Amino acid sequence: MSAPAGVAAYLSWAAPAALPAHGVGNRSDLPLPFEALLIGAALALLASFVGLAFLWREPRLRPEDGWEVPRGVQAVLDARWFRGLLAGLSLLLTCWVLLALVLGRDDANNPVPHVVYVWLWVGMPFLSLVFGAIWAILNPVRWLHRGIAALARIPRDFTLTDVDLGFWPAAAGLFAFTWLELVAPDGTTMLVLRLAIGLFVLVSIVGSLSFGERWFREGDPFEVLSRLYGQLSPLGRRPDGRLVLRTPVHGPSLLAARRGLLATAAVMLGGTAYDSLTADIRYAGWVQSTAAPDLERTATLLGVILLVGGALHLAAAVSAWLSGVPVRGMAADLAPSLLPIAAGYLVAHYYSLLVFQGPRTLALLSDPLGVGANWLGTGGVAPWGWPIQPTLVAAVQAGAIVLGHVLGVVVAHERAIRVLPHRAAVVGQVPLMVLMIGYTVGGLSLLFSG
Amino acid sequence: MTPPPAQVDLPVGEMLTVVVTSDHDDELHAHGFEVEVPLKAGVPTTIILTGKDPGVFEVELHEPALTLLTVAVR
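From first to last, the protein sequence lines are chains A and B.
With the numbering used here, letter number 374 in the first sequence gets 375, and the count goes up by one each step, no holes.
With the numbering used here, letter number 40 in the second sequence gets 77, and the count goes up by one each step, no holes.
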């Protein structure tokens, strides 16, 4: 065995002890019960066949759909003062967190890792699922760009280049973040976080000065994450600007195919799947017995992402072949149907982390410098126990994955009948359905074996 | 010789004693139980974990990072 440590562990039953510890997400969920795996997989299969057999035959979801939000509500949501208030609160929180990042202690009670890995990485996408692309309003880096533009006396829409990278910078950024969270050693230490956040700010400045505000819409990993998950929000905007309530399938079905979208969706889905895979103790045991565990982890993460994206490419190619249409562009056209599935994985995988570590983050923020203070008065906030009750967690996990699958089937169907010739629309969808069943059963199995 | 990591069940409210002997000085950390103790090379060290929140928790060494076992509290 090549692990450098020689350790023997003996176990027996017996009385208690306590001391501080560090790290985020100390707790992972209990394995999904086998019954939940079976029921979830059966429901997913059923939904797929019902979808193929009975869903509408002509494109049906239109941008003008939806129930109008009352004008008074929209007036507030769109008001400059309301958006300014949200942005102001976000900037205040950012400064507070930067204080902890620069001056805080490098120990378990520093709030920065929790803010980054729980609030930003999990809480923000959950909020986006409900309210839409909120990070476009909250993103503090946008204000940095505005400030620099104002100081340098250049217009905000100043650009150096017209090169179209699409979502590729966001895909790369999301991959880097996922690697930092799940692979990088010491990803929760202040040194690594200072480096990573510094690098992110630097890349953002260069990106936004080169591409203008387009950088934030398409290149900033967190805004793109918020925008893509936000497609599933019941709150949408009609082409005429009216806010409407609509179904979660409207957004992904109407989303324009964009360069790099497939890669971005594959990183979103693959990153979560990797996180699930590494919770399996057999994987953990294998990887730490190898000569270079971090290299193996990096390779596994890349492999899972390539597998997720490659499988969609393959399914899209078979669809195109069955329908007698060109393969080119098909995968990008169908990529948005991954978004509901990625969202289902996200909720299944991170629900308990958010409800358990989210409140703890608020408590830690009350003492950013680690001096034993309680400046916000939230120092005593502790998570409730009931949201992580095992049966509830299992129900949320299986429910989220199955719901994501059902919505994914509807989106794939709607997009397929838009891009495939009429006579082949049903047969052309079969490879996609097979792919989605594969993702869903795979996701449930990972939760079962974790 | 490090045994491959395994998962140990721990009912809520019960206690688990873990005895660890390392061949080098290190730190033993039981995530989620708020237990972190130094290890001296060759000296058996005992920690006691009490099941509180349901979930799966890692018990690991820090230098280098090495998972010894996971505890499934249920």
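Honestly, the hints are just simulated from the structure, not real lab data.
There's no promise every hint is true.
[What the hints assert, rightly or not] Label pairs and their in silico Cβ distance ranges:
1) Val-431/A to Pro-41/B: 37 to 43 angstroms
2) Trp-385/A to Pro-41/B: 51 to 57 angstroms
3) Leu-78/A to Arg-111/B: 40 to 46 angstroms
4) Leu-56/A to Glu-51/B: 47 to 53 angstroms
5) Arg-63/A to Lys-89/B: 48 to 54 angstroms
6) Arg-283/A to Lys-77/B: 29 to 35 angstroms
[As the list claims (entries may be wrong)] Taking lysine to any residue pairs in the SDA-like style, the calculated list, with each CA pair at most 25 angstroms apart, reads:
7) Lys-89/B to Trp-180/A
8) Lys-89/B to Lys-77/B
9) Lys-89/B to Pro-75/B
10) Lys-89/B to Thr-104/B
11) Lys-89/B to Leu-363/A
12) Lys-89/B to Ala-258/A
13) Lys-89/B to Ala-396/A
14) Lys-89/B to Ala-42/A
15) Lys-89/B to Glu-51/B
16) Lys-89/B to Phe-449/A
17) Lys-77/B to Pro-186/A
18) Lys-89/B to Val-382/A
Source: prediction; values computed, not measured.
Where is the CB? At the ideal position from N, CA and C, for every residue including glycine.
So, going through the hints one by one against the coordinates:
no.	hint	result
1	Val-431/A to Pro-41/B: 37 to 43 angstroms	holds (42 angstroms)
2	Trp-385/A to Pro-41/B: 51 to 57 angstroms	violated (36 angstroms)
3	Leu-78/A to Arg-111/B: 40 to 46 angstroms	holds (43 angstroms)
4	Leu-56/A to Glu-51/B: 47 to 53 angstroms	holds (51 angstroms)
5	Arg-63/A to Lys-89/B: 48 to 54 angstroms	holds (52 angstroms)
6	Arg-283/A to Lys-77/B: 29 to 35 angstroms	holds (31 angstroms)
7	Lys-89/B to Trp-180/A	violated (31 angstroms)
8	Lys-89/B to Lys-77/B	violated (28 angstroms)
9	Lys-89/B to Pro-75/B	holds (23 angstroms)
10	Lys-89/B to Thr-104/B	holds (21 angstroms)
11	Lys-89/B to Leu-363/A	holds (21 angstroms)
12	Lys-89/B to Ala-258/A	violated (48 angstroms)
13	Lys-89/B to Ala-396/A	holds (21 angstroms)
14	Lys-89/B to Ala-42/A	violated (32 angstroms)
15	Lys-89/B to Glu-51/B	holds (8 angstroms)
16	Lys-89/B to Phe-449/A	holds (22 angstroms)
17	Lys-77/B to Pro-186/A	holds (23 angstroms)
18	Lys-89/B to Val-382/A	holds (18 angstroms)
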